[in-house]
Amino acid sequence: MTDEELKQKMKNAERLSSKILQMPPVLKERQAISNILSRDPAITGFENCKFVFTDITYGLPDRKRLVVVRDPDGTLRQASWEEAERMNQIYNPRPGRKLKPPKLFQEEHLTNVLERGEYEFVLDSACAQFEPDDPEYLRITSVVYESVDKKRCYQLLHSTRHYGPLCFYLTWNKKIENLLISLLQQEKLEACADIVRLYQLIHTDCKSKMINVDPNQHLELLKAYVEHDSLQQQQLQLAIQAYQEIVRERQQYNENVKTAHGL
Amino acid sequence: MFRRLLCTFNTLSSHTATPTPLLRIIDANPVRCSLVTSTRLRCKASEEGEVQEERDPTKDRSRVIPVETSMKYIKSEAYHTTYGSDPVWKIYRRNFKGAFPPRKTRKTCIRAKMIATGNPCPICRDEYLVLDYRNVDLLKQFISEHNGAILSYSMTNICQRRHKELQVAVLKARDYGLLTYDVPFREYEYSEYYTPSKNDNKLTT
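These protein sequence lines are chains A and B, in that order.
Going by numbering that gives the first Met the number 0, the first sequence opens with residue 0, and the numbers climb by one from there.
Going by numbering that gives the first Met the number 0, the second sequence opens with residue 0, and the numbers climb by one from there.
Worth flagging that the hints you see were computed from the coordinates, not collected in a lab.
Cβ coordinates follow ideal geometry from the N, Cα and C atoms, glycine included.
Don't take every hint at face value.
[As the list claims (entries may be wrong)] In silico DSSO-like links for lysine-lysine, alpha-carbon gap of 27 angstroms or less:
1. K74/B x K163/B
2. K97/A x K171/B
3. K97/A x K18/A
4. K102/A x K171/B
[Stated by the list, open to error] Heads up, incomplete: computed chain A residues facing chain B, CB under 8 angstroms, no partners named:
5. Q21
6. G58
7. R62
8. G95
9. L103
10. V112
11. D123
12. C126
Start from the sequences, fold in the hints, and give me the full structure.
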């Protein structure tokens with residue numbers, strides 16, 4: 000390949016990878032819809048079942064589609080989230096989504112899958128099946144992230160689209176200690192600093208923010224966090240000391256090799 | 000003529016010793032009458048505990064093997080000496096006339112709980128291979144390693160009934176999360192979920 004062809008290929012690859020690594024949105028739990036359009040008690044008892052009217056205009060996103068329900072007692076109301084999703088799936092089926100959620104997401108089967116370590120599979124299935132503000136989706140993702148944190152297998156999610164939401168969840172719930180320790184063991188200081196900065200952004204009232212640390216000094220930032228805001232100070236301090244020792248020993252070894260070679 | 004026949008039937012039934020008549024006429028009206036045949040006479044021999052047909056034990060498949068036994072069997076030495084590390088359908092040859100096999104395999108190897116053929120398919124020939132959603136080790140042998148699709152019966156040579164059982168078992172296993180597969184990618188349109196208003200921009204770098 001020529002240089003230009005190579006550049007083109009690299010550009011394409013970067014574009015594809017940014018598409019695959021698109022982070023699923025992290026949203027708050029959605030509120031139930033209670034929007035009544037009209038009350039017609041005169042129609043009561045006409046039918047003993049509900050009527051659902053769905054707008055099937057082409058090109059509308061699912062969340063903007065109007066779905067209304069006429070109850071047997073005559074009320075015309077906007078459909079609830081579950082009803083609207085079901086109708087959308089019937090008229091515009093999405094690949095990977097089923098009308099009835101798979102049994103995989105029930106508690107016992109979920110724990111079974113997580114024990115086998117299939118985190119990415121569960122998260123991908125949840126993304127395909129649920130909307131990001133669905134309470135079921137939030138429950139499943141929190142269970143998965145807790146399991147990952149407990150077993151410290153962050154590497155399994157590291158290069159996937161779920162790494163970002165995982166870090167956000169852990170930072171939001173102040174459980175970043177294990178993550179920081181595993182990153183230190185892999186000597187990824189910049190990643191540690193990123194997480195501490197995220198922590199400072201989310202929890203604006205943290206003490207370590209008061210200290211103005213140069214953002215480029217990753218280790219200093221980390222130490223500031225450990226001193227002031229960490230909940231497991233000892234373990235983190237041990238990890239930092241271990242890292243510093245490894246760095247020192249490596250420097251020493253390199254210097255020894257140089258002197259041995261007479262440089 | 001028909002009415003007389005009806006009478007004779009009735010009289011016959013009242014006179015005979017057997018309590019259950021062969022034919023029972025519900026209504027005398029020839030238009031509205033219905034005939035009920037009693038099948039009790041046919042089974043009289045077995046009721047008295049007479050000779051039952053002897054079942055060939057090698058072809059008898061009336062015993063239902065539980066799934067747990069099947070899962071243990073697959074991990075056992077007996078399975079390993081029989082099949083080695085090949086899939087169970089690897090060493091099997093279909094019998095047919097001519098150079099090309101029929102497009103579909105046979106409908107079923109087992110009829111009335113007995114093997115009804117001289118060359119049963121790879122699943123029917125071994126009674127300890129049970130196709131169930133929990134028996135993941137067996138199900139994986141029937142899934143292509145290249146694209147995750149269920150292998151066709153033309154490759155595995157199992158009978159149609161077992162192929163349907165296999166399809167059901169694989170779909171159930173995927174539903175329960177026992178078998179993983181490539182989930183279709185879900186692309187998000189961020190503007191659907193977040194519309195930043197111009198006024199508040201709290202997050203600064």
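Under the constraints set out in the numbered hints, which ones does this structure not fulfil?
6
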